[in-house]
Amino acid sequence: MKVVLRNPRREVEMPGPLTVSALLERLDVNPESVLVIQGDTLVTRDARLSDTDVIEIRPVTSGGAT
Amino acid sequence: MKCRVCRAPAVLDIRRHNAAFCRDHFLKHCAEQVRRSIKDHDMISAGERVVVAVSGGKDSLALWDMLIGLGYDADGLYLGLGIGEYSDASGHTARVFAHERGLKLHEVDLAGEFGYDIPGAAAATHRAPCGACGLSKRHLFNAVAIEHGYDVVATGHNLDDEAAVLLGNVLRWETGYLGRQHPVLPEAPGFARKVKPLYRLGERETAAYCVLRGLDYQVEECPMAEGNRHLGYKDVLNALEDRSAGAKAAFVFGFVDRAHERFTDDAGAEREGLGACVVCRSPTTGDVCAFCRLRERVASRSGPSR
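If you read the sequences in order, they're chains A and B.
Sequential numbering of the first sequence, starting at 1, is according to this note's numbering.
Sequential numbering of the second sequence, starting at 1, is according to this note's numbering.
Chain A on its own, in the form it takes in the complex:
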């Protein structure tokens, strides 16, 4: 599957099938800090991702001034 990451924007290929939890673990991404978007749909951590999916891992952490 193609996995799109941000900040900085980059793409990596990962073999499927995988669950969202397993994908994040392999990429060493804390699930608390991202949304996972399959196509244009949000998916939960138990969702199964196939080899042909395009997955966006979108960070949600903002660090602006308070």
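Bear in mind the hints are in silico, worked out from the structure with no lab data behind them.
Backbone N, C-alpha and C define an ideal beta-carbon position, used for all residues, glycine too.
Mixed in with the good hints there might be a few duds.
[As the list claims (entries may be wrong)] Covered stretches of chain B (in silico footprint by chain A; criterion: 3 or more residues with CB under 8 Å from a CB of chain A, positions within the stretch not fixed): (1) 174-181; (2) 250-262.
[As the list claims (entries may be wrong)] Rough simulated footprint, nothing fancy, chain A against chain B, three-plus residues with beta-carbon under 8 Å: (3) 82-96; (4) 286-299.
[As the list claims (entries may be wrong)] Sample of chain A residues lacking proximity to chain B, with all beta carbon distances greater than 12 Å (derived): (5) Lys2; (6) Gly16; (7) Ala22; (8) Val54.
Once you've looked at the hints, dock chain B against the given chain A.
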């Protein structure tokens, strides 16, 4: 996973609630958390006018959208910080959001109206840009609210923001800051009321809200915030949350419910004896407020050389 409410396929799981939601019930969950925050802390009364501090990011747009959805009279305020393409994109996003919904958006451009931008202020003061940014925002959000007669300034601070600020304040035992860290900072002479209706929602939730509502928000992070202390605290807190779901909420809600009042005297003492800034008339403890001192400092560094 199934939606906790209707058992339809879920789109988002929230571990601290040990729950997952479908789109519609997640949006209801968000609105309910905001409605509860407003009610529990008397943030906004009927008929009051609200100005939302809008950055173009997920939190402020989600907040504005939810306040309008809940029926509040809420306009927006965008502050042009002059951070290159990042500011260009975030300003565009805020304008499009307001235009598409027929909402009023005030705009203040730091460079155009006050002669400096955030990169310039950071260079002139030799300090982290977030310091000048936060100072400018706090001053101008309040000043615009007072000038235009708004009762309330609403900011998009979420649960993660509050947890990170709280951790920083506790690590240094900033008792005055702890006394002021609350979902509501009451109005006072020269100050509009400041409220944080999103403090019960994590930033994963505000981002998901935007995605599910189709709100186009600025996803890219502010380039000046990269590596700052606030982000470091969030990393630590997310590591804790991953091990112990609910840790952030327990930290913040426990502080608000059981510890905040122990520090209010320290914060109150700082508000006593405020006078008017000789330059801009804003409340200040000295002759010249911190915002005007910042402007003077930047101007003195960037003035014409001989």
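Verification of the hints:
Against chain A, the segment 174-181 of chain B contributes 0 residues with a C-beta closer than 8 Å to a partner C-beta. That does not satisfy the three-residue criterion, and the hint is violated. With 0 residues having a Cβ less than 8 Å from any Cβ of chain A, the segment 250-262 of chain B misses the three-residue criterion, and the hint is violated. Coverage of the segment 82-96 of chain B by chain A is violated in this model, with 0 residues showing a Cβ closer than 8 Å to a Cβ of that chain against a need of three. Coverage of the segment 286-299 of chain B by chain A is violated. Counting CB-CB distances below 8 Å, 0 residues qualify, and the rule asks for three or more.
Against chain B, the non-interface label of Lys2/A holds: every CB pair exceeds 12 Å, the least being about 18 Å. Annotated as non-interface, Gly16/A keeps its C-beta farther than 12 Å from every C-beta of chain B; the closest such distance is 19 Å. With a least beta-carbon separation of about 15 Å from chain B, Ala22/A lies farther than 12 Å from that chain, consistent with its non-interface assignment. Taking the minimum C-beta to C-beta distance to chain B, about 15 Å, the non-interface status of Val54/A holds against the 12 Å cut.
In this structure, the hints that do not hold are numbers 1, 2, 3 and 4, in rising order.
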